[in-house]
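A.B. asks: What follows is each chain in one-letter form.
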Amino acid sequence: MLSTFRFVAAIMAMVAALAGGGLAAPAEVWAAGERDVTIAQGIDAEFLDVQMTNNIVTLIINTSIYDTLLTRDKQLQLVPALATSYKLVSDKVWEVKLRQGVKFHNGEPFDASAVKFSFERINRGDFKSPQKGWFAPIEAVEILDPYTVRFHTKVPDPAMPARMTLMYQLAPKYVAQVGDAQANLKPVGTGPFKFVEWTKNDKIVVEANDAHWSGKPAVRRATWRPIPELGARIAALQTGQADLIVNVPPDQLQNLAATKTVRVEKTPSCRIIYFGIAQIKGGPLADRRVRQAINHAVDVQGIIDSVLLGNGKRINSSMPPNVWGYDPSIPFYDYNPKKAKELLAAAGRTNIQLTLQAPNGRWAMDKDIAQAVAGQLTENGIKTNVKIIGEWGSYVRSVLDHKTEDIFMNGWCLPSLEPDHWVTPNLHTGEPVSQYSNPEVDKLMEQARAEMNVEKRKQLYSQLLRLVRDDAPWLFMYSQMDIYGVNNRIKWTPRGDESIRLTEIGF
Amino acid sequence: MVGYVLRRLLQSVLVLLGVSVIVFGLLHLTGDPTRLLLPLEAREEDVRQLRALLGLDDPLWVQYLRFLLRAVRGDFGVSFKHQVPALTLIRQTLPATLELTAAGLGLALVVAVPAGIVAALRRNSLLDAVCSVGVLLGQAMPVYWLGLLLILVFAVKLGWFPAAGRDGPLSLVLPAVALGAFSMARIARMARSGMLEVLAQDYVRTARAAGVRAFVVTYKYALKNAAIPLVTIVGLEFGVLLGGAVITETIFAWPGVGRLAVDAIFSRDYPLVQAIVAMLATLFVLINLIMDLVYTYLDPRIVFVRAKP
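Going down the list, the protein sequences come from chains A and B.
Numbered according to my numbering, the first sequence spans residues 1 to 507.
Numbered according to my numbering, the second sequence spans residues 1001 to 1309.
Among these hints, one or two may not hold up.
[Stated by the list, open to error] Stretch-level coverage of chain B by chain A, calculated; a stretch enters the list once three of its residues show a Cβ under 8 Å from a Cβ in chain A:
1. 1076–1089
2. 1249–1262
3. 1283–1293
[Said to hold, decoys possible] Within a straight-line C-alpha distance of at most 30 Å, the following computed DSBU-like cross-link-like pairs (lysine-lysine) qualify:
4. Lys-491/A <-> Lys-1157/B
5. Lys-456/A <-> Lys-87/A
6. Lys-1157/B <-> Lys-260/A
Because the hints were derived from the structure by calculation, they are not lab data.
If you're wondering where the values come from, they're calculated on a predicted model, not measured in any experiment.
The beta carbon of each residue, even a glycine, is placed where N, CA and C say it ideally should be.
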């Protein structure tokens, strides 16, 4: 039925084109569905009220409906969006010029009052936004004129531009009129796509907003589908039901290669995978030499090659290469069992027994990676048991309560791509995820996150990452490779921030 | 009869009350949901604030009574995760689950009952053997495995049906088959053994001896009597299918209440889990009540009397 319709529509399009101008290409006449795409991810959006979520999949979907003040291009560089420029007025004041002539999907104009409203809404006491922490350093928003605002921060905050990439703009009059609940069910933004429908756990449909300030999107209509089961997601791609699928595990690549209509796209992601060493537990783990020995006792590249089939990129310290602040000159730990044994002997810890915890199914091949790591540690003199905690809630609790086993697997990526967000939450004394404490590291982090001079800041991060590398609070592993399955009828390449921008899809 | 129904309804209320206590207790044993609702990097003060907002600071019995008092008024609270009334979410997803369950059960009955009868009538024939193997396979295949196999063969290789989602009647076929297979096997086995038992009864032999046509003997005398245990099974199977829908819905990306339940459990969404369990338990209890009433129609000798001490 559908294909008949498509066929008829295609014929009509051709006739229209011929009638219109002989050989001239049919400007904007496409067969029904020809410029539509379906994207399958593992879960549904939690909210279409973008300020209610910090979930990456939910943010990806919302980014088609809402714009932020700044955004990141394909190379993850900051570029203007609803803000056209920004400047530092003083250490704690940022002045931002807004784009003029932009309208929300309901016709409401976008201006400074929307920026103020959107910021203040997150901090409303009864509003359960998980984004409060993202903007905690911001004191207030001041309106200078309808297209100029000033952000006053509590402390000097070099991360403000990065924060602006997360400032999604909502329509103040619309939200006030329909209320929070309705704003979630019928979202209105300024984004390149307008909301059409949302059937919980089935699909979210959006259509092109031709009035968007960045121009008309090539995609006319997009459907976001949650397909939790990997096999079904791959089948949906192979049958043409989906045009783009996420989270293809390395061991399925061969299977996908057998289907001629699809291809694989991959890119190293901002998500790093590491094994935290619970230094705060004391005992042998408090000794830096033991932690260094752990790093020398594991053949990380070998594990990437054998378990992930090469789909991972080693990290030298606690930041991935695509985050500003990364320093490529910091050396990797070499795989050196002899050196590991020497370090253990020097520490007087030749006979230690550790337990390593890992989740199951949270990150690509997580359980297998954990087993490989434990196997190599054991082989090289550090007897290590593996404890798999399959239920994510329990896993998170063990980390946040600082009651992990000796070594715990973790993955990390925050949508801000702000360097501080890779180090402070994971390594600062007393932070929820951190099982590590080093006053020297703390001091450097605090300095770096307040340093307004870009060059100096970069140096501080380099110094910090080097110190972290040498003190070895983690077994440094790799940044994950994001692998997508793509139908050949669409032109698209992935981004390093895990996001999928509909505006980057062509045909 | 009316007295019986009333008594059964009262029992049902007690059952549901018991279910609510168990679910409430178990859920709260799994721990504090606030950690899962907030980002990993959230500070302790954010956690405390959210816990207070969600009413999780109160003693457990206060929380339970509050839940119960609201529940009797049909208010199951607002889902922690979705910030939408739990009942609204169930209303959105229950039709898809009922559609899938009904299709699975319908399919199971349509295939299994005739198969069971034929197998009984042609006992020890090739046909009977084929049915037995089918039953064995149906019961032995895990639903997730069968589901993926169906997708591979009928969606990827043959392209007859969509691989996932709920888009029209075609998309219902594969999930219904996957879900119905297990029940199909059980019902076929019950139909066969029930028929065999009845066919061996004296009155069947008598009817045959009296020259009643074979068709009438089979379908009028034997089948109606063999149907009574089947009705029990169908009532129970409905519950099994509602439970089985959890896995089937996940595999086929079917937007039903089962998937909602799994998500809710993993994110410790207390109000939503409680609402879903209460709703499924009510449904199950009601269906069994209806099945009991169907007995009286099938066998008027079954009457409901209070057991004499």
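A.B. asks: Evaluate each hint against the coordinates.
C.D. replies: Verification of the hints:
{"no.": "1", "hint": "1076–1089", "in the structure": "holds (count 5)"}
{"no.": "2", "hint": "1249–1262", "in the structure": "holds (count 8)"}
{"no.": "3", "hint": "1283–1293", "in the structure": "violated (count 0)"}
{"no.": "4", "hint": "Lys-491/A <-> Lys-1157/B", "in the structure": "26 Å, holds"}
{"no.": "5", "hint": "Lys-456/A <-> Lys-87/A", "in the structure": "19 Å, holds"}
{"no.": "6", "hint": "Lys-1157/B <-> Lys-260/A", "in the structure": "13 Å, holds"}
The structure fails hint 3 only (numbered hints given earlier).
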